[in-house]
Amino acid sequence: MGRYVARRLLQMIPVFLGTTLLIFLMVYTLPGDPVRGLFGDKGVDPATLARLRHEKGLDLPILQQYWNYMTGIVLHFDFGDQIASGRPVTDVLGDAFPVTLRLAGMAFVIEIVIGIGLGTIAGLRAGKLTDNVVLIFTLLIISIPVFVLGFIIKTVFAFQLGWIDPNVSNDAKWGELLAPAIVLGSLSLAYVARLTRTTMAENLRSDYMRTAIAKGLPKRRIVGVHLMRNSLIPVITFLGTDLGALMGGAVVTEGLFNVKGVGGTIYESIQKREGTTLVGLVTILVLVYLLMSLIVDLLYAVLDPRIRYA
Amino acid sequence: MRGAKSAKWVAGAAIIALAATACGGGDDDASKSKGGDKGAVNADGIFSVEVGEPQNPLQPANTMESNGSIVTDSIFSQLVDYDPSGKLEMINAESVETKDSKLWTVKLKKDWKFHDGTPVTAESYIKAWNWAANTKNNQTNASWFGDIKGFADVHPEDAKAKPKSDTMSGLKKVDDYTFTIELNAPLPYFSYKLGYTVFSPLPESFYADPKAAGEKPVGNGAYKFVSWDHKKQIKVVRNDDYKGSDKAKNGGVIFKNYTTLETAYEDLKSGNVDVLRQIGPKDLPVYRSDLGDRAVDKAYSAIQTIAVAFYTDQWKKIDPKVLQGLSMGIDRDTITKTVLQGTREPATGWVAKGVLGYQKDASGDVTKYDPAKAKQLIKDGGGVPGNKISIQFNADGGHKEWVEAVCNSITQSTGVKCTTDSKADFQADTNARDAKEVKSLYRSGWVLDYPVNANFISDLFRTGAAGNQGDFSNKGLDAEIKKADSAASLDESVAAYQKIEKELVNYMPSIPLWYYKVNAGYSEKVQNVDYAQDGDPILTQIEVKK
Numbered sequence: 001m002g003r004y005v006a007r008r009l010l011q012m013i014p015v016f017l018g019t020t021l022l023i024f025l026m027v028y029t030l031p032g033d034p035v036r037g038l039f040g041d042k043g044v045d046p047a048t049l050a051r052l053r054h055e056k057g058l059d060l061p062i063l064q065q066y067w068n069y070m071t072g073i074v075l076h077f078d079f080g081d082q083i084a085s086g087r088p089v090t091d092v093l094g095d096a097f098p099v100t101l102r103l104a105g106m107a108f109v110i111e112i113v114i115g116i117g118l119g120t121i122a123g124l125r126a127g128k129l130t131d132n133v134v135l136i137f138t139l140l141i142i143s144i145p146v147f148v149l150g151f152i153i154k155t156v157f158a159f160q161l162g163w164i165d166p167n168v169s170n171d172a173k174w175g176e177l178l179a180p181a182i183v184l185g186s187l188s189l190a191y192v193a194r195l196t197r198t199t200m201a202e203n204l205r206s207d208y209m210r211t212a213i214a215k216g217l218p219k220r221r222i223v224g225v226h227l228m229r230n231s232l233i234p235v236i237t238f239l240g241t242d243l244g245a246l247m248g249g250a251v252v253t254e255g256l257f258n259v260k261g262v263g264g265t266i267y268e269s270i271q272k273r274e275g276t277t278l279v280g281l282v283t284i285l286v287l288v289y290l291l292m293s294l295i296v297d298l299l300y301a302v303l304d305p306r307i308r309y310a
Numbered sequence: 001m002r003g004a005k006s007a008k009w010v011a012g013a014a015i016i017a018l019a020a021t022a023c024g025g026g027d028d029d030a031s032k033s034k035g036g037d038k039g040a041v042n043a044d045g046i047f048s049v050e051v052g053e054p055q056n057p058l059q060p061a062n063t064m065e066s067n068g069s070i071v072t073d074s075i076f077s078q079l080v081d082y083d084p085s086g087k088l089e090m091i092n093a094e095s096v097e098t099k100d101s102k103l104w105t106v107k108l109k110k111d112w113k114f115h116d117g118t119p120v121t122a123e124s125y126i127k128a129w130n131w132a133a134n135t136k137n138n139q140t141n142a143s144w145f146g147d148i149k150g151f152a153d154v155h156p157e158d159a160k161a162k163p164k165s166d167t168m169s170g171l172k173k174v175d176d177y178t179f180t181i182e183l184n185a186p187l188p189y190f191s192y193k194l195g196y197t198v199f200s201p202l203p204e205s206f207y208a209d210p211k212a213a214g215e216k217p218v219g220n221g222a223y224k225f226v227s228w229d230h231k232k233q234i235k236v237v238r239n240d241d242y243k244g245s246d247k248a249k250n251g252g253v254i255f256k257n258y259t260t261l262e263t264a265y266e267d268l269k270s271g272n273v274d275v276l277r278q279i280g281p282k283d284l285p286v287y288r289s290d291l292g293d294r295a296v297d298k299a300y301s302a303i304q305t306i307a308v309a310f311y312t313d314q315w316k317k318i319d320p321k322v323l324q325g326l327s328m329g330i331d332r333d334t335i336t337k338t339v340l341q342g343t344r345e346p347a348t349g350w351v352a353k354g355v356l357g358y359q360k361d362a363s364g365d366v367t368k369y370d371p372a373k374a375k376q377l378i379k380d381g382g383g384v385p386g387n388k389i390s391i392q393f394n395a396d397g398g399h400k401e402w403v404e405a406v407c408n409s410i411t412q413s414t415g416v417k418c419t420t421d422s423k424a425d426f427q428a429d430t431n432a433r434d435a436k437e438v439k440s441l442y443r444s445g446w447v448l449d450y451p452v453n454a455n456f457i458s459d460l461f462r463t464g465a466a467g468n469q470g471d472f473s474n475k476g477l478d479a480e481i482k483k484a485d486s487a488a489s490l491d492e493s494v495a496a497y498q499k500i501e502k503e504l505v506n507y508m509p510s511i512p513l514w515y516y517k518v519n520a521g522y523s524e525k526v527q528n529v530d531y532a533q534d535g536d537p538i539l540t541q542i543e544v545k546k
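Protein chains in written order, with this note's numbering: chain A, 1 to 310; chain B, 1 to 546.
What the hints contain is simulated information worked out from the structure, not anything from laboratory work.
Be aware that a few hints might be false.
[To be verified] DSS-like cross-link-like pairs, simulated, lysine-lysine; straight-line CA separation at most 30 Å:
| id | chain 1 | residue 1 | chain 2 | residue 2 |
| --- | --- | --- | --- | --- |
| 1 | B | Lys-231 | A | Lys-173 |
| 2 | B | Lys-483 | B | Lys-102 |
| 3 | B | Lys-388 | B | Lys-400 |
| 4 | A | Lys-56 | B | Lys-388 |
| 5 | A | Lys-173 | B | Lys-545 |
| 6 | A | Lys-173 | B | Lys-546 |
| 7 | B | Lys-375 | B | Lys-337 |
| 8 | B | Lys-235 | A | Lys-173 |
| 9 | B | Lys-525 | A | Lys-173 |
| 10 | B | Lys-269 | A | Lys-173 |
| 11 | A | Lys-56 | B | Lys-136 |
| 12 | B | Lys-99 | A | Lys-173 |
| 13 | B | Lys-235 | B | Lys-172 |
| 14 | B | Lys-232 | A | Lys-173 |
| 15 | B | Lys-173 | A | Lys-56 |
| 16 | B | Lys-149 | B | Lys-102 |
| 17 | A | Lys-56 | B | Lys-247 |
| 18 | B | Lys-243 | B | Lys-99 |
| 19 | B | Lys-164 | B | Lys-110 |
| 20 | A | Lys-56 | B | Lys-231 |
| 21 | B | Lys-546 | B | Lys-235 |
| 22 | A | Lys-56 | B | Lys-436 |
| 23 | B | Lys-99 | B | Lys-502 |
| 24 | A | Lys-173 | B | Lys-282 |
| 25 | B | Lys-107 | B | Lys-282 |
| 26 | B | Lys-173 | B | Lys-162 |
| 27 | A | Lys-56 | B | Lys-164 |
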């Protein structure tokens, strides 16, 4: 097990370098220059432009810029400064991450509780009315685009009923985040429910289930331990990678509800060609992904003793 | 603060650059700027304004986009300001005088203090300007000091060259509250430029750590800085020791950060924000009925044009008649009414409304829709080379709809084939302009920097001017601009520029389209909301109801 973890951690290094380099190159190839953008429509003062570019190291070859940036991150945990505001990128990330982490966390909990709950109910009653209702419900959610769903929720609950504020305020309180969290978690929720339902329905017919029932174990134990443990393996795989997706993919939801999180910052950095901010954000998201998939792999061994790594 | 000060760019900021889908809309020109019933006022009430996150640190010479300038303008007062008719008012200055338009004498009011308690003296101005102009300090607005003698010493044109000096020889202290400004050449309207944010004074504490001062600015204005919670809000409160005439009638302002105009509008409706600067395209059709008296529809000093890339083979040797023809082929009335839903007003000249020297119908017939004459003019001028034009624009600014409408209008009325040339975003758009890669025509716009007509002519059409990105150049016009700049008095200079504007039809440096309007609104909590020439709400006069 220890060797396995070590190997996985070592594998993270090339993935980390590859993704950050790709992002760096992609931002670089976009037309437009962040420093020029500071001057707007009114024309530039070439001397100041050149000086600013030089100061930020933007006149260096791209690979050298990448090298400087990466050594900064690795050696000093220095993610550089934002080009426009001059704020350290770590500050920008520090502002954006807690909010998104909270939002993603809530969405994740909603997704797990409701998703697995619905899936279990449907799976245990495969083919019956409840199952069909859940299937139709999840199909509906999957087919509605996120921004439409967000818009509907806002219109109904904020404008018609007046139960919630249409937008999340600057404090991003838990209560305010509920609506965006539901929107954010809904798509994955449907997938989780369907995944759980299918594997449950399948495993219900397996031999070890029949054995368990034949042994006369109480129903709670059969479902809770024997059935769940095996059925959750694909679900956990999905959930693991989904947490990363929730954090990065919140662009639409965060924009819709005016949440000041990672999604909005990513969008803004692309628009302003803020390569350093963007790479910083993506680097952290990559780390989240890698960490999550590591945890997932470790959980496998816990869930199913047959899957053991040397 | 009354008046126009910020040099906001019309182009990229989604704030101003908006167009919407077709769908009729009311078209009432009467501005309801002070509507709403008058209630009892809470003099210490604090209200909130919608803004975006300022792009730069809040250093006066470094803020040119609108999100930052609305904040710096509230914290810093300059020597002068303007009233809505474009007339100069003294703010921190007792007087700004000149005999020859070249040597200016500024006398300061003596009892002014910065927010940290230190007095505002001649030194506060001289040192601040020298610092801002110095190329070492990388201020994006440094070129504004270019009129002052000795600018080249502190800001050499070659980026690698070191500045020869740390001070501009044109700035001289006479006594603690008097200083003189000597210019490179006479400029009758120089005093008008002094109202722009970049000419703010700075307290001594600024130089110790300019970067920190940009995070926590100490100014001399009507409001004191309290806090900046990045990407969330900036808070300022009334400066009770303020000596200016534009003292705040409210307790303070919270500049609330919104990522989209739509969310800001929703928050306005549910009472979470009080003053908007702009309504998003989606809500334009309904905002008048939603807000009633609190809907704002008011002209401000900005103009939208189609600029010509004169460096291309197509336009290099063009007869201006062709451009006159293209201009007459655009049905401005219909486009502003339908596509733009009455949020713009057809232009009749190159100088926007609300500035000194604005004249109606300066462009004569060339901005009137006349397909027959348009065709004839293009024919007389030898036709459009290739009989095909394109208009470049940035797709992120909401310009697509009207650019397409203008294109269709031209094609229908003149038979010249017109295509749109979309650039993904403002960054890519300016990139193509700077690199002189515009293929034919491009969308352009201008918001006033100071309310004198020279700002819309000299800064756009003079050979080599920073705003002249299409490389328009005409020796005769340059000479006339020079003459107007060296006129003996401001009035003569304005009159000379008025004459130049009338002559622009013969050169057609750009095709004027329409003037901008402020389409905004405010909540039930506030009253007395009005908007200045630059389109920003006048914060100091807003009253918060009890």
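So, going through the hints one by one against the coordinates:
1. Between Lys-231 (chain B) and Lys-173 (chain A), the direct Cα distance comes to roughly 16 Å. Compliance with the 30 Å bound is thereby established for this hinted pair.
2. The straight-line distance between the Cα atoms of Lys-483 (chain B) and Lys-102 (chain B) is roughly 14 Å, inside the 30 Å bound, and the hint therefore holds.
3. Among the hinted pairs, Lys-388 (chain B) with Lys-400 (chain B) is consistent with the structure: their alpha-carbon atoms are about 19 Å apart, no more than 30 Å.
4. Proposed proximity of Lys-56 (chain A) and Lys-388 (chain B) is contradicted: the alpha carbons are some 42 Å apart, above 30 Å.
5. With a C-alpha separation of about 28 Å, the suggested pair Lys-173 (chain A) and Lys-545 (chain B) falls inside the 30 Å cut-off, and the hint holds.
6. Proximity of Lys-173 (chain A) to Lys-546 (chain B) is assessed by CA-CA distance (about 28 Å); at most 30 Å being required, the pair is judged to hold.
7. About 24 Å separates the Cα atoms of Lys-375 (chain B) and Lys-337 (chain B), which keeps this hinted pair within 30 Å; it holds.
8. At roughly 20 Å between alpha-carbon atoms, Lys-235 (chain B) and Lys-173 (chain A) fall within 30 Å of each other, so this suggested pair holds.
9. As the CA atoms of Lys-525 (chain B) and Lys-173 (chain A) are separated by approximately 24 Å, the hinted pair is consistent with the 30 Å bound.
10. For the hint linking Lys-269 (chain B) to Lys-173 (chain A), the alpha-carbon distance of about 21 Å falls within 30 Å, and the restraint holds.
11. For the suggested pair Lys-56 (chain A) and Lys-136 (chain B), the alpha carbons sit about 14 Å apart, so the restraint of at most 30 Å is met.
12. With a C-alpha separation of about 62 Å, the suggested pair Lys-99 (chain B) and Lys-173 (chain A) falls outside the 30 Å cut-off, and the hint is violated.
13. Of the supplied pair hints, the one linking Lys-235 (chain B) and Lys-172 (chain B) is violated, its CA atoms being roughly 36 Å apart against a limit of 30 Å.
14. About 14 Å separates the Cα atoms of Lys-232 (chain B) and Lys-173 (chain A), which keeps this hinted pair within 30 Å; it holds.
15. Straight-line distance between C-alpha atoms of Lys-173 (chain B) and Lys-56 (chain A) comes to about 36 Å, which puts the hinted pair past the 30 Å bound.
16. Between the alpha carbons of Lys-149 (chain B) and Lys-102 (chain B) the distance comes to roughly 10 Å, so the proposed pair stays at or under 30 Å and holds.
17. Note on Lys-56 (chain A) and Lys-247 (chain B): the hinted pairing is violated, with a Cα-Cα distance of about 40 Å set against a maximum of 30 Å.
18. At most 30 Å may separate the alpha-carbon atoms for a hinted pair to count; Lys-243 (chain B) and Lys-99 (chain B) meet this at roughly 28 Å.
19. Annotation: proposed proximity of Lys-164 (chain B) to Lys-110 (chain B) is violated, straight-line Cα distance about 33 Å (limit 30 Å).
20. Distance check on the hinted pair: Lys-56 (chain A) and Lys-231 (chain B) sit about 23 Å apart at the alpha-carbon level, within 30 Å; holds.
21. Among the hinted pairs, Lys-546 (chain B) with Lys-235 (chain B) is consistent with the structure: their alpha-carbon atoms are about 20 Å apart, no more than 30 Å.
22. Between Lys-56 (chain A) and Lys-436 (chain B) the alpha-carbon distance is near 25 Å, which keeps this suggested pair within the 30 Å criterion.
23. Pair hint Lys-99 (chain B) plus Lys-502 (chain B) holds up; C-alpha atoms about 29 Å apart against a cutoff of 30 Å.
24. Taking the CA atoms of Lys-173 (chain A) and Lys-282 (chain B), the gap is near 28 Å; set against the 30 Å cutoff, the hint holds.
25. A distance of roughly 50 Å separates the Cα atoms of Lys-107 (chain B) and Lys-282 (chain B); the hinted pair therefore is violated under the 30 Å criterion.
26. Proximity of Lys-173 (chain B) to Lys-162 (chain B) is assessed by CA-CA distance (about 25 Å); at most 30 Å being required, the pair is judged to hold.
27. As the CA atoms of Lys-56 (chain A) and Lys-164 (chain B) are separated by approximately 24 Å, the hinted pair is consistent with the 30 Å bound.
In this structure, the earlier hints numbered 4, 12, 13, 15, 17, 19 and 25 are contradicted, and the remaining ones agree with it.
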